[in-house]
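From first to last, the protein sequence lines are chains A and B.
When the letters of the first sequence are read in order and numbered with my numbering, they come out as residues 1 to 298.
When the letters of the second sequence are read in order and numbered with my numbering, they come out as residues 299 to 425.
What the hints contain is simulated information worked out from the structure, not anything from laboratory work.
Source: prediction; values computed, not measured.
Take every hint as true, because none was put in to throw you off.
When the alpha-carbon atoms are kept at most 27 Å apart in a straight line, the in silico BS3-like pairs for lysine-lysine are as follows:
hint : chain 1 : residue 1 : chain 2 : residue 2
1    : A       : Lys258    : B       : Lys355
2    : B       : Lys391    : B       : Lys355
3    : A       : Lys271    : A       : Lys66
4    : A       : Lys258    : B       : Lys348
5    : A       : Lys271    : A       : Lys112
6    : A       : Lys258    : B       : Lys398
7    : B       : Lys356    : A       : Lys258
8    : B       : Lys356    : B       : Lys398
9    : A       : Lys271    : A       : Lys258
10   : A       : Lys66     : A       : Lys112
11   : A       : Lys114    : A       : Lys65
12   : B       : Lys348    : B       : Lys391
Chain A stretches covered by chain B per the calculated footprint, using a threshold of three residues with CB under 8 Å from any CB of chain B:
hint : segment
13   : 90 to 102
14   : 119 to 127
15   : 160 to 166
16   : 255 to 265
If you only want the chain A side, here are some residues facing chain B, beta carbon under 7 Å, derived:
hint : residue
17   : Pro198
18   : Ala199
19   : Asp201
Note that the Cβ used here is the ideal one computed from N, Cα and C, for glycine as well.
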Amino acid sequence: MIHQMHRRDFLKLAGIGGAVFVSGATLSAGQAQQDMSAFYFVQISDTHWGFSGPAINPDSQGTLKKAIAAVNSLEEQPDFVVFTGDLTQTTDDPAVRRTRLAEFRDIVSDLKVKTVRFMPGEHDASLDRGDAYQTFFGDMHYTFDHKGVHFIALDNVSDPTAAVGEAQLDWLRSDLEHVSSDARIVVLTHRPLFDLAPAWDWATRDGDAVIDTLLQHQNVTVLYGHIHQEHHHMTGHIAHHAAKSLMWALPEPGSAPKKVQIPWDAASPYKGLGFRNVKADTAQARYKIEELSVGNML
Amino acid sequence: MTRSAIALHAALLVMFAGAGLHQSVIRSWARETPNNEQTIRISASTFEFKPSEITLKKDVPVIFELTTQDRRHGFNLPDFHLRADVQPGTTEKLRFVPRKVGTFTFLCDIFCGDQHEEMTGTIRVVE
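Isolated chain B (complex conformation) (with noise of 0.2 Å):
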């Protein structure tokens, strides 16, 4: 590695640490590289996400490309401790590497209206 791709390295993690980032996501960020990485646009509208169903393979990184069709709403991945506000009009990235294999939730975590609590999806992380 050089030593200017060594700067680059470190300065993305102090930059992911002062956002308060999980440190498996810190940690992804510094051993993986973006060759591999798959993109997944999820949109969020009142009350579903599009897909709710997603499968991920363990250990290869993956973007969310997220956004809203009507109003803002929340993205919340509790298990690997990602979540992000999605506002109309722009698109939210959140990258990490499912470091686990399971079924896990997310869900909108901004209330917005009668049926929030059924916006819910799930990944299936898979070996």
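Isolated chain A, as found in the complex (with noise of 0.2 Å):
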């Protein structure tokens, strides 16, 4: 479902490009709610800290630091940041893998946005369930409630299968129980919950029953990462809005035989690289998506 949203509803945004993407349910004007407001938050995904080739990024030390100066010189400032998951590039040394989490934990804390949300992806927590992760960012499954809207972090990367698992589900449909069926509900998660491409582990072992939870809520919005690129699908009337990397793109799913990082291309540098702008109107239930691309913001 996807519908148009008046501009006014918007917060005014820096002047910097990118494709734009609306998409949510709606409710009846009665349905709306008196203490919702418009705001918008940064999601940021798939950064890879540690990923070395020139092949694929020359400038693997330096997109992250672009993408967060880049956010931090938006006219208006969002009111949080998520990051949905890879934030480091995995590693066999967990060592490695703690300095590496060091490292982009200094590096994000020079955004002036001081509400960060943090969430895995199986580059982070796959190897040790989130051992490492959670020393630094804590808790990988939790929720938030933000001017209306209710946040769920799912986590279905530190169990290695892929799977949300039945403790984490028992979690969802107990904070569910204490949500109004038309709430608005976004979900922040790594993987698809879906299976968007199972053969290029684009998928989530117990996503349908994830899914089919949701599915009892008239207002779900799921932004996850994993892919590496934008991408919108609706299962019954959830939307799901996959968003870029910030490190190298990924074909369309199911595209090729294999599933390869697409090289960097030096005529148009960081092409497919970027993060995006979700507007949210809470009175309406809808959101606004707007992709930027690192390219853009030089």
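Once you've looked at the hints, go ahead and assemble the two chains, each given alone in its own frame, into the complex.
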């Protein structure tokens, strides 16, 4: 379901361009709640700090820092920033993993916005079930409420089988019992919750159970990463939006026999890399997603 | 088919349905006899399958015998809804009948390290 949103409903942003996509569910005017307002936040994903591969990203040490500077330069600062996983590039060495997580934390501490939410990706957390990640960034699944939106961060990576697991599913069901059926809900996660491309490992093993639980609520939007590209999909009335990476781009789901990193294009540096602004109109339970390319920020 | 054989088939169907196996797998068991099954041994290790390229004949039953040389890996053949955890020291057996021709990817779906995403293979099913 796609809806155009009136421009006046959104905060004015700095003039850095990008594709615009509008999605969400609608409510009748009578359902709009009085205490809600518009706000926006930034989603950054798949920064893979520690990756090295000049043919893929010769600016692997600089891209994240450029993105942080770009967020800091926004005329209107976002209410918060969320990182949806794969903060670091995986390593089999636990000491290197901790070094990368610490370096990442120090880099993003330069954000002007001081409310920053983190989530793990499989590169951060699958090899030690999130032990190192939690030392630096705390819980791997949690909720928070912001201006009328109930945010749920789901962990589908610390179990190396890419499952959310029964314990977290019970936690989710329990949380949703205390949320009205028409509440505005945004789910943040790393992997797609639906079977986007199982042969490329773009799925969550028990994602169907998560979606079945979420379908009991009318206004649910899922923001995730993992696939290193913008992607939009509906499961019933739930919209799923994948974000770009800041390290490398990947092909469209299933478009090639093998999933391979897209090489750096010297004629178009940073092509396919970026982050997004998500502007929430909580009264109407609608979200406008503005994709921002790193290349356009330089 | 004798009464005992019918009972055995019924028991197998109930057992596999209870285990959540895909319908095509259940039907394969109901139709095929094991006489023409072929066995293919696949060894997993960080970060590869051996063999990584396998050719099968359509409608000919196959048993994959899966082992791992180092740590737990996953074997997942999504196009046939076939998967298993492969634990060190054990042999995991997966039976199925390829009912469609084409080239299909199998992969390790348990994150196993730096080159986990390279741990894939292909199965070619021919007439």
